[in-house]
Amino acid sequence: MRPYGLLRAGFPYLKTIGEFMRMHFPTDVAPARDGRLYVIGKGSMYTKGKSGPILVTNIEDDNLGSFGWKSYEESVADACFMWPMAIQLDVEQRELYISDSATHRISGFTTDGEYLGRWGEHGSGEGQLDRPSGLAIDGEDLLYVVDSMNHRVQKYTKDGRYISHFGEFGDGPGQFNAPWGITIDEEGTIYVADWRNDRIQLFSPDGEFIRMFGTSGHEDGELYRPSGVAVDMHGDIYVCDWGNNRVQLFAPDGHFVQKFVGDATMSRANLERMFTRTAKLRRMRETAAYEPEKYFARPRSVRVDEHGHMYVPDYEHYRIQIYKKEAYVMDEAGMTPPFRVPTLNYM
Amino acid sequence: MATATADLDLYAHLMRRAGFGARLDELEVLASRPYVDVVEDLLHPERFPDVDIDMIERFYSTGNAGYGPIWWSRMFNSRRQLEEKMTLFWHHIFATGQSKSAHNPSAQAQINMFRQLGMTDLRTLLVELSKDPAMIFWLDNNENLKDEPNENYGRELLELFSMGVGNYTEEDVKAAAYAFTGWTLETPIPGAGSKYGGYHSKFVYVEEEHDHSDKEFLGETGDWDGYDIVDIIVKQPATARFIARHMYNYFVADEPPVSGWNEIPPKDSEAINALMEAYLGSDGDIRSMLRVLFNSEFFKEARYMRVKTPTELVTAVVKLTGEHQEIEIGMSRVTGASGSMGQSLMNPLTVEGWPFGAGWIDGGTLNERVNFAVDELNDSDKPAVRFIIDRLKEIGHPSSPAEFVGECVQMVRPAPLSKESILGLLNYAEQGQDLDLSDDSKREINEFRVLRMLQLIVATREYQLN
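Each protein sequence line maps, in turn, to chains A and B. Under the working numbering, the first residue of the first sequence carries the number 2, and numbering increases by one thereafter. Under the working numbering, the first residue of the second sequence carries the number 82, and numbering increases by one thereafter.
Just chain A, same shape as in the assembly (with noise of 0.2 Å):
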């Protein structure tokens, strides 16, 4: 249930996880209740004695195993990835599935690291696919597929049985042009990243356009080639506005409360390596500007979790940063109804 109000206390960066070898142009993020985060790459994820595109980490960085293989080669195997684009925990979170671009199909895993198999097939028709995106899970069970260079999304189950889709290519409402991200609310309203229109659109569980807010830009609440979207318990929506190098933080009726833009810091993994690696390397490092340093690099998607944790996957940077929200949930008696006109009178 949504709050009545919300007080926005301040939305502060919490720590980076990953770069160096450890954390190869993440792609995606799946955060799991218990505290686990599994990263998906397009590179391989180096843990000890095994390297995987997919990484089992955490908050703490603590590095927890890696499994599939990275494919170079044009006919990919089973559990193996090229371009894999996103990684999804199903309700039980006992399973994750991950789409690869490359291959037009999705894996399934279980959060052991147990191959369960692929399906997907490259087409236009009903159930193929054309280099799938995003990924999300409905209260169901049901896998939706971002279906990019199909302008649609695809329903299916997690074993691949086609159940339905909605959209189309086109700029009007309900149509899509190379959509990349989606997530789904509590409620079931599905939100797509309409990509090249620069957009976010929202559906109802069995498809139908609800609304959509966006525009192409560089300004604040403006979009470029956005590439994920996420919603956390207050209904706030999450953007990863990937042309313009940063998050939006959107309020639950898409205006604009703030955006992100990179803060991040030396992870553990890059830390240890300034410690154990050359002098030359610590020098350099004393040499430089570092401004550049904490901003987002082409961040490829974003997610949230039930403790507020904002995850954004800093692809190029090969490193997650993780922000954390601080609001406090408003009933009727803390805050009036909401104004009809804006006002400047506060007292």
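Hints listed in this document are in silico derivations from the structure and should not be mistaken for laboratory results. What you are looking at is a predicted structure, and each value in this text was computed from that prediction instead of being measured. All the pointers check out, no bait thrown in.
Below, simulated DMTMM-like cross-link-like pairs (lysine to aspartate or glutamate); rule was C-alpha separation at most 25 Å, straight line: (1) A:Lys71 to B:Glu407; (2) A:Lys295 to B:Glu138; (3) B:Lys500 to B:Glu543.
With the Cβ distance kept under 7 Å, some of the chain A side facing chain B (calculated, not the full set): (4) Phe26; (5) Ala103; (6) Arg226; (7) Leu282; (8) Met285; (9) Arg286; (10) Thr288; (11) Ala289; (12) His318.
All residues carry an ideal CB built from backbone N, CA and C; glycine is no exception.
Add chain B to chain A, keeping to what the hints say.
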């Protein structure tokens, strides 16, 4: 479309040299316009939209760690073909290896600079080159200090980038080195990904390390800095001649290696003089030189007088198949192939760049070249192969073996075939009945025969020429 074959040949020649080749249907559209207008379009890339860089980066980008797929995709698909050809031209002359620094952001920024400034004046290019972090590090100008000068950049600027040996003295090299003291780079933040590098560097001028004494350079004396040195260089006739020869070598016909240019005269002195005049009459404007070059008779007549560089071979083959027009996997196969043929872009063997002409070909690289071309033409459903088959189908009647060969050769447009090559192709064409693509009952076998014929054509010696 009824366009004279002679006209198509000319436009095909232009597009092979000023670009990376064109399909028959593209040539027919171009040939419906005056040649000079097509040249002007090539000289003005801003008249055409850029590639869909957002889409390319969405799928191909590995950030600062990899630029190859993005550059290759531009070469295959950009409507600004001469812009890409000039990017490669400057990369050949100002050859910079990223292997030394392993700092990809700087290497990529340099290529982007060539793309942006490739058809501007030489002064602008040389100034930006002198301030380019990748170049500064490649030739050690970051170690060029007033009390401890390093002559590497000053020497190569004169020898390889602007004038050529024999046109300056050792004293000029020293003076140039002193003038560029203090021209250095900002240490970037060490990369988040170790050797892959993550953050850009930039040019910085350190006044305390700059030598302010008077220097005599190419006969002029003063407290010269890098800008002054470039100013003096670009007005030298030797510079005009050096750039003219490079342009001739790249666009017209293979010349001897650069190191011999001081002793070996150009193949076509009149052509070089015409290009020099264009340079000297326009304050070193590269676009003006190119305009003279492409409209000249010496260019129009120089068909197939160059060996395809590996990059040209790969792009020609990919254009022939029509692959990679859209986002698709397999780009690493393409970039790897060029490397196997001896040209790994952004990683020249030395500052002297790559060999040209016959130097590209030895037993090993010829194998790579032929195998790549044949392997890529392995599927009649590849888009441009399908276009060829459909065009041949439009003929609407069976083709005799000679017609079959001629029609396929017209599509690939290798250099005029030797008698031996023609006989080889005819030998294959004669194995079976006349080719009849309108006969659906034999579609599969006939399409295979076309595919096989295309493979045989790209395997000829004549296909190696541009």
